[in-house]
Each structure stands twice: as structure tokens, then as C-alpha cells.
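Protein chains in written order, with this note's numbering: chain Z, 183 to 678; chain S, 2 to 517.
No lab work stands behind these hints, which were simulated from the structure alone.
No more than 25 Å apart at the CA atoms, straight line, and that leaves these computed lysine-lysine pairs for PhoX-like:
1) K273/Z - K310/Z
2) K87/S - K365/Z
3) K197/Z - K211/S
None of these values were measured; they are calculated from a predicted model.
These are the residues of each chain, in order.
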Amino acid sequence: MKVLLMHRERDFNPKQSLPPNVAALIQDLELNTLLQTMAQGDEFLFNVAKQAVLSSLHDLGDIRYRQDVLNDCLRHPDVVRQIYQIPIEAKNNLHRSWMGIFTSYPTGILSGAREMLEMFVGLLKVLKRIADEHAEEFESEGFRRFFAMIQQELDDDYFAVIEEHLKELKFRGGVLLSAELGKGNEGANYVLRRTNHDNRNWIKRIFARKSPVYSFTLHPRDEAGARALGELRDRGINLVASTVAQSADHIDNFLKTLQRELAFYIGCLNLAEQLAQIGESVSMPELAVAGERQHSFTGLYDVCLALTMKGKVVGNDVNADDKDLVVITGANQGGKSTFLRSIGLAQLMMQCGMFVPAESFCANICPSLFTHYKREEDASMKSGKFDEELSRMSNIVDALTPNSMILFNESFAATNDREGSEIARQIVSALLEKRIKVFFVTHLYEFAHGIYDQRIGDALFLRAERQADGNRTFRLKEGEPLETSYGEDLYYRIFG
Amino acid sequence: MLGKDMTFHSILSVGKNEDTKAETLEAPIFFVDLNLDQVIDAITASRQDYDLKPFFYTPLRDAEIIRYRHEVMRDLEDDRLMGYVKAFAEKMIRVRRYLALAEKSDFDYHKKGWFLEAALVYCEAVTNLAHDLSLADLKSRGFLALREYVTDYSHSRRFQTLKAEAQKVRGNLSEVRYCVIIQEGTVKVRKYEGEADYSPEVEKTFEKFKQGVVKDYRVKLPEVSGMNHIEAQILNFVAKLYPEQFAALHQFCAQHDRFVDETIRTFDREIQFYVAYLEHIRSIKQAGLAFCYPQIATMNKDVYGYESFDIALAWKRINGNAPIVCNDFYLQEPERILIVSGPNQGGKTTFARTFGQLHYLASLGCPVPGRQARLFLFDQIFTHFEKEEDIRNLRGKLEDDLMRIHDILSRATPNSLLILNEVFASTTLKDAVFLSKEIMTQVTTLDLLCVWVTFIDEIASFSEKTVSMVSTVLPENPAVRTFKIIRRPADGLAYALSIAEKHRLTYQRIKERIQL
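With the hints as extra help, turn the sequences into a complete structure.
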């Protein structure tokens, strides 16, 4: 029984190793703010959200599968949260009653595991009831398949078989073992047998039974004998005890899988609720294949900034369709970094099947996303800052595949403008030729203007707006890079 | 290859020579000084049951037997043959274990069950050994004779009967199936009647929830062989259910009372001498160190060892992943005595031990540490090592030293080996020089092969028989030891000063550092 709400054909793996660039992504995109909102203080939800957001999907069908399931969740949040409650309750019960119950003796394992099975069966009945009541209301392929499976696999006959086993496993009629003679004529290969009931094969039994039966009864004070007999019994039920315990584990794992597969959507519900409270809207993005160059949106805002400010923030409208390169220049503190972050966040959210923080959004998917931000000087670092920057760049280049996307934020500025520009120009030119999509926030005038003049690639130039009085709108507009864009304000403020 | 007597007696020794069968129970007295006690302990540690130490305590005096052992050792260096021998040994261990179980048991059917099991494993061991040896490419006189013996034995009527009967009795017992019903202190035993296995039914019922592999909850119930009175009682009932099978067992045990062949038993123990040694040096070889089969010198005393090393130290070092320094030595006519001097902790004692170890291991017929070696077949080894704890009593110590050396020189013959390490270190320099020269004269007269570790430069160039060797340091940093001992005149360089310099403890530096 597979849950399959995250992927159409496989389980969601919350432990899958993430690419090495995730540390940079988390830091540069302020991802923890997003993940914490999804988690609402729940560590499990946080980990699942982190894993899901950072393991992007690359197939349009896979993303749409999740988008559909998420739409169902957004329409029926109460039912989904009810289902999510089932594995939570199982977990709580286990914590309460089965901590350390599994002893080192088969007898103890058997009785503990048998009772655990009874508890699980109760919860499975709840799941079955929810499926019976609400299956019809769900539209996504994922949920329809899931409910159909529950209704089919957990029917009344099945529950009856389970109850019979749970009764028989108490062994009221004694334990029947078969055995062979092993080395030294010691009993070997003990196998627990199911007693041939009188209503079965009785004719066979009459003809088959020729064996005499020998028996003895322990002396009441023969403690060593009682212990020996107990050991023999344990040997006989060892396997079935393990099987029952494993069966309990199977159900436990099924419920854990259910929890894992739902946790991401619960996180999405939490996020949607928080954004609704501060008045921000979200939308399901439209997808384009990796080979295309699409990036157009209205009202795209930095979701992490909005969550931090607990209020609406400025959004941007941009049409960068058919562009390989977007160069962002302009005033300090004019919203360039915020904009760059909103691009990265929207890309990650889109590619894990989430809604995006925009009124409308369409972009091509990319195989991987990298960020290259200028870093604070690290005291422990022996290499110089420029050296360090280039070393990180080199690591990114190692991991690049065509159609990937890189967000540069004031990169290669740790040297003079001319050298930095030349390095940046050479790197970006090469990247574009290798079909890498680039967003580049920069103060390097020679670099930015050089690209503008030479028409390298299909570039879009955005500028942080500054009004005549020096105030900033935090909105970006198209415009060629200006040489006086940076530092001037700062200069006057300081040298005033 | 065609010896006069090809009949197999022992894998350790050619022919039926009773002298070479002697086993020494006490470790030779020089073992501790040469750290050979550690070496032999390590070699025999995992094979206590074979009682191998007496073999390692008995040096050979006959170069012919050393060659016999070299041949066997070389054959056994082949991994395939080693595998065969180990497989045989493992089976023989099981034979002994099963016989012990039979011996120990209080219940007749149980005893006989284990006796039968031991016989079965023994037959397998012998049959496999005969078969394996027939495939092996053997060159040594020892293994060739063994092959002939084992082949004959395994085809003998005595052995074939044992094997056939054991298998038949076991086969019948294996077919016995019975049921035990346990309820509230009562046990019933009857034949098995085709009842279904219950666990798979349970498993099938819950399989649909399976998400992946889960833990195996089967308790590791102790699989100790043995039987309690409940099991014995059940076994008695089983014997009643299947009387013919158990009657056959009785008969088998009565007819094959002592089934292990004496020569096979001896081989099983003796071959472990080689296996143990080869196992031991294998891990040292893996660390990149070489072993070689030495030439054995009986007439002249030219000896050498290239890339030799202390086998005890190597064993410790490779377990700690530390490097080992190899050293070369040679003595050419008329040289007899290696005088080793140089800085402390520079590997002088290790070098002296190496010289002794190589000779001793060669006398056992074993490969020795080094790339190439020629070693003298000594009659006795004498060692005298300075011991720190003895410095307490100077007067008594010096006296003891002299007594001991006197004793050694009175017992030594021109074929003996002498290793002296920092003797007379606890007396005045003048005394030490005097005594050393006196002793040196006697050693020279006796024509002993000798290694002498000393701080007294004066004796390094005593005569044409002495060769000076020096422990060395890195020229650019004299505080760093190389542990290389090389032929060089003892130069008495002021190593101590350089070390003081490094620690800024020279006169000048201490004056500079202490400023008021």
C-alpha cells in the first residue's frame, strides 16, 4: 500500500541527500523564514518542508501532480488535517504505551506486538471511515488513487481476518511445534504450526494418525524444568513473534509514510493561512519547459520579507520572456537584493509544486538553481576575498548543467571595477553560451554597460528606481545601467 | 627431492629423527632481551589450543631440516594450499569440539549424537584434504610425503567403512520429524502430521502495509549446544517413536570407538607452526616490509641482512599505522663484531635486537625480516642488556654484570652469538673503557659473532674484527632521529648541544632569555 501523494510513482524521501549548494541557497534566499512559517514550530514539518523545497522537480507532469494535490488540500483543509492526525495519534500512542515494551524474550515481543496491532487496527478503521465519507469530494489524481486504495484494501472481510489472527495469537490451546533432529540429536528447526482444526481434513486425519502420543507433566517444584520448557516455547514462537512485530512495523511505517507524504501539504496550508492573514495573495504558477526562456510575472514579492515584516510588501511586474540574462543595477537599498531573492524563492516554490507569491507567474523550470552572493570577509579564511569568491564560482561551474539558473549578487566586486568587470564579463559570456540563465545584480559599471553596448546575449536591464528627491520606491524598472548609480548618495551623506 | 625416506612422519622434520622431535617447554633465556617473547606470544595468541610455543622455543642445529622447513613454508605461501590447510584445520577443530561435547553430556542419545557428528566431520576433513592435496602444486618433501600418506589412508578400508556407516546413520536420523505440544507445564510428543506453518500466514495478512525493510525481531536465542532434562525427556520419546534409527546409532558408536588417525592428528598440530608464522608476517608484509628465506651459513661467518627490521616493533607499529625504519648490516671476513654507537633513542637497541631476531628466526626454519639475508647457524645465543631498574645498586650491579659476562664467555663457543647492550653504563667512564677493552679482547679471541651497543667510542675501532656503526640524525635538524644505523666511524659529535640549541637552552640563549 503506497501513499504516493508527493510523487506519482514513488515515495517521498525526506532523507535524500541535497546538492552541495543548498547551504548557500538557504542563506542567500533567507529560506529559513519560509520554512519556519510552514513548520509553525513543528520540527518534522520543518524538515519535510526543507527537503521538499530544496529537491526541485524537473518534470512538468510531476509538478502539476503536486499542484493538483495541493489544490485539493487548499479546498478541503479540514479533511486533510484530520487524516494527518491519524499518524500523529499512532505516534503518541506508541510513545505512551510501547516505550521499551519490546523485551528480549519472544513471549514478551509477541504480546506487546499483538496489542500494538490492535491499536493500529483501530486507527486504520478511522482512516477507512474518512475515506468512505469524503473520497468523492477530492479531484486530484493523487487523492483519488489514495482513497480508492484505502477502500479496496481495508474492506470488512480483511478486518475480520485480522481479528481472527489477533485471537489465535493468544495461543489458548497450547503451542504446537514441529522439530527435527539436529547435530547431537538436539531438537532443531522448530516451526510453529497451526493446529489442524477438526472441521478441516478430518478424513485425512483419521487415516494419517498412526503416531502414538507420549506425554509428561512437570513436577510443580521443578523450576529448572519450567524454565527449560519456557525456553523451548520461546524458541518455537520466536519467528511468529518477530513476524507479528514486523507486521506492526509495517503498519507503523505505512502511517509514517502517510505522515511524510502529507507533511509538505500541511506546511503549504500553514503558509497559505499566514499569508492570508497579512493580506498577501498567492497563485499557482504556469510552467514552461527548461529549454524555453520564460520569466514573466505581476506582483511578485519577496515572501520572506513579507513574513518578516508581517505586512504587504512591494511587488514587481517584469516580462523577461526570451531573455537569457537579467542585469539589475541602480541605487543602493533600492530593492535589488529583495528582487533577486523573490526570483529565487519563486523558482524553488514553483519547482516543488507550491503556489508562488505573485498575482501571476510563469517561468521555465531549471535543472538547478545557484546563488553567488558576495560574502562578508571571513577571518578564518586564509585566501583573499577575491580568491574565495572565485573558488566558490569554480565550485558552481563544476555542478552546472544547461538551463540552470544562477543568481549573482554583487559578485566579483572584491577588486577594482576594471578587473572585476573583466572577470564578470568573461564568466557571464561563457555561461550564456552554455545556456545558463543569469540574474546579475551589480555595481560594476563597466561590466553592466559593456553588456548593454555590445548586446551580449538577450539581456534585460532593470534599474532600481530613485526619484528626483533621492527617495526609493523599491520598484524596478527597465533601463540602461547608469554610471552614477551607486555611492553618490552615500558619499554625500558621509561627506555631506 | 627424492629423499631416502619418503614415508611421512612429520611436517616439521625430515625422516624419523627422534632428536628433532624434542620440544622445549621453557622460552630460551635471551627471549626477553630480544623481545622474541612478544613475537612468539603474538604468533601463537590465536592458536593456544595447539600448544605451538614448544616448537618456537626449539632452534634447529641441522641445516638440512631448516631447508626441509623452507620448502614446506614456500609451498604454503601459495594461497590455495593455505586455504586447503586452513579448511582442514577448521574441520579438525570441530571434530575436537564435538568429541568434547559427547564426553560432557549426561544423556546417552545426546552423547552418541555428538560422537556421530564428530566422525562425520572427521571423514569430511580427511576426504577434502586428500582431494585438495591432489590438486595442489607441491614441491616440498614434506607435503609430497603427506599427500601420499593421506591418499593411502583415505582409500583404506578402515576409513571407507567409517565414512559410509556414519553417513547412513545420520541420513536416517535426519528424516525424523516430530511434534511437541506445550501447554501449561505439560508436554506431548508425537510424529509430525503435516500441520501448516503459521508464521507465513500472519506475514501474508499484513504484507500489504509493507513500505520497505523492517527490523528483524527474532531474538538471538543462545545456540549453545547442550541438553537439559526436558529436552532429554523429549528425545527419549522421539527415540521411542523411531526405534530403528536409534538402534543403528548405538551400533555405530560401539564399532568406531577411536576413529582419529594418529599421524593425521600430529600433522594437524604441527602444520600450525607454519600457518601461525605466515599469518603473522602477512600483515607485516602488507605494510610494505619484506621477508626472505635466508642463506644458512655453517662454515664461514660472513653474514648480512638487507632492509632488515625488528619484527616485534614492526608488529606494534603496523597496528598503530606508524612507519618502520629498515637497516642493513653485513660482516665480511675478517669482521666479526658490530660496534653500535650514536645518539640515544636512535634505534641502536632495536638494531641489536634485529640482528639477534634474524638469527633466531632463521634457526627455526622461518623466513626472516629483510629483503635478503645470510645468517649463521649458531649453537647458542647470549645476550646481556642493561636494565634501568638495576641502576639502584651500583656496586652489586657491576659485579652482577661481570659475573654474568664471565659466565657467558666461559660457555660460549666460536659458533655462539653474543649481543651486548650498554653494559657498564652504570660505572665510571674510565672503568667502563677498561672493562670493555678487556672483554673485547676475549670476544675477539673466541671469534664470536657479536653486536655491541655502547657509548664508548674507543672500542669502535678496536681491531680488524670490529666494524663501527652509528645511529644517525638529520643533518639539517640534529634533533630529529632517522633511526638509520649506518657504517661510519664513531665521531662523537656533540648531538646534545644541538638539542639544547633547539630548546633555546644553550649558555648564550639562556642568558638572552633571562633578562632583568
